[in-house]
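J.: In order, the protein sequence lines correspond to chains A and B. Going by this note's numbering, the residue at position 4 of the first sequence is 144; the numbering climbs one at a time, nothing skipped. Going by this note's numbering, the residue at position 75 of the second sequence is 57; the numbering climbs one at a time, nothing skipped.
Warning: the hint list may mix true and false statements.
DSS-like cross-link-like pairs, simulated, lysine-lysine; straight-line CA separation at most 30 angstroms [what the hints assert, rightly or not]: (1) A/LYS181 to B/LYS(-1); (2) B/LYS45 to A/LYS181; (3) B/LYS82 to A/LYS206; (4) A/LYS181 to B/LYS39; (5) B/LYS(-15) to A/LYS204; (6) A/LYS181 to B/LYS(-15); (7) B/LYS82 to A/LYS195; (8) B/LYS41 to A/LYS181; (9) B/LYS(-15) to A/LYS195; (10) B/LYS82 to A/LYS160; (11) A/LYS206 to B/LYS(-15).
These are computed hints drawn from the structure, not numbers from a lab.
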Amino acid sequence: GAVVSQHPSWVICKSGTSVKIECRSLDFQATTMFWYRQFPKQSLMLMATSNEGSKATYEQGVEKDKFLINHASLTLSTLTVTSAHPEDSSFYICSARDRTVSTDTQYFGPGTRLTVL
Amino acid sequence: SQKIEQNSEALNIQEGKTATLTCNYTNYSPAYLQWYRQDPGRGPVFLLLIRENEKEKRKERLKVTFDTTLKQSLFHITASQPADSATYLCALDMAGGYNKLIFGAGTRLAVHP
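All chains, please: the whole structure from these sequences, using the hints.
T.: What follows is the structure, encoded as structure tokens:
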């Protein structure tokens, strides 16, 4: 089955530093990848949609200069949280759509727990 | 305003019984509705997708119904097992464009032996 990986699985950083999270589709090519954020006991909130080779589309209220997304290839998207602050601490999850499959299933990564001190 | 509502309180049932989870939405017109399972500290795992023109979908012990008039989906797990204990999320798939998913907050299911 389709597998999506994320790296790292958890990260602790100091306030003001930048953190990069990678999302990879391991056995399929993803035309579109999505980045979500989930706070404890809350739903997944879509942050942005990225397509390979083009700029990401950000949801309302998400700062594109703070959450930099790069979708450099059909198997890799990265999310960089710039100048992280404690309020950015959250569970970040990516998902990917398989370009060869006609269904609308998104395959989710295992998530990355970010803690900003 | 647009809302997706799932029971916020945990659902506790006994092993072997049928679990029924509810997803209601307002001011959306989804093309599809999807159900996911999420375990603590993990990403969601896809379970079932049902289209707006489908009334019911089944997969092994799982059954989903979709009533676009009531704007409601019901998710059933028959012959529940302790391994089914998890949080179950419903997601509206708005289709068109990039198939953006809008998630409910989820309902935690606990199946007791």
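J.: With reference to the structure, classify each hint as holding or not holding.
T.: We went through each hint and held it up to the structure:
Between A/LYS181 and B/LYS(-1), the direct Cα distance comes to roughly 26 angstroms. Compliance with the 30 angstroms bound is thereby established for this hinted pair. Taken as a hint, the B/LYS45 and A/LYS181 pair is honoured in the structure, with Cα atoms around 25 angstroms apart against an allowance of 30 angstroms. For the suggested pair B/LYS82 and A/LYS206, the alpha carbons sit about 22 angstroms apart, so the restraint of at most 30 angstroms is met. In summary, the hint linking A/LYS181 to B/LYS39 is supported, as the alpha carbons are separated by about 28 angstroms, within the 30 angstroms threshold.
This hinted pair checks out: B/LYS(-15) and A/LYS204 have alpha carbons roughly 25 angstroms apart, not beyond 30 angstroms. Distance hint between A/LYS181 and B/LYS(-15) is fulfilled; the C-alpha atoms sit about 17 angstroms from each other, no more than 30 angstroms. Of the supplied pair hints, the one linking B/LYS82 and A/LYS195 holds, its CA atoms being roughly 16 angstroms apart against a limit of 30 angstroms. In summary, the hint linking B/LYS41 to A/LYS181 is supported, as the alpha carbons are separated by about 27 angstroms, within the 30 angstroms threshold.
Distance check on the hinted pair: B/LYS(-15) and A/LYS195 sit about 29 angstroms apart at the alpha-carbon level, within 30 angstroms; holds. For a cut-off of 30 angstroms, the pair hint linking B/LYS82 to A/LYS160 stands: about 23 angstroms separates their Cα positions. Between A/LYS206 and B/LYS(-15) the CA atoms are separated by roughly 27 angstroms; this keeps the pair inside 30 angstroms, and the hint holds.
Every hint, counting from the list given before, is met by this structure.
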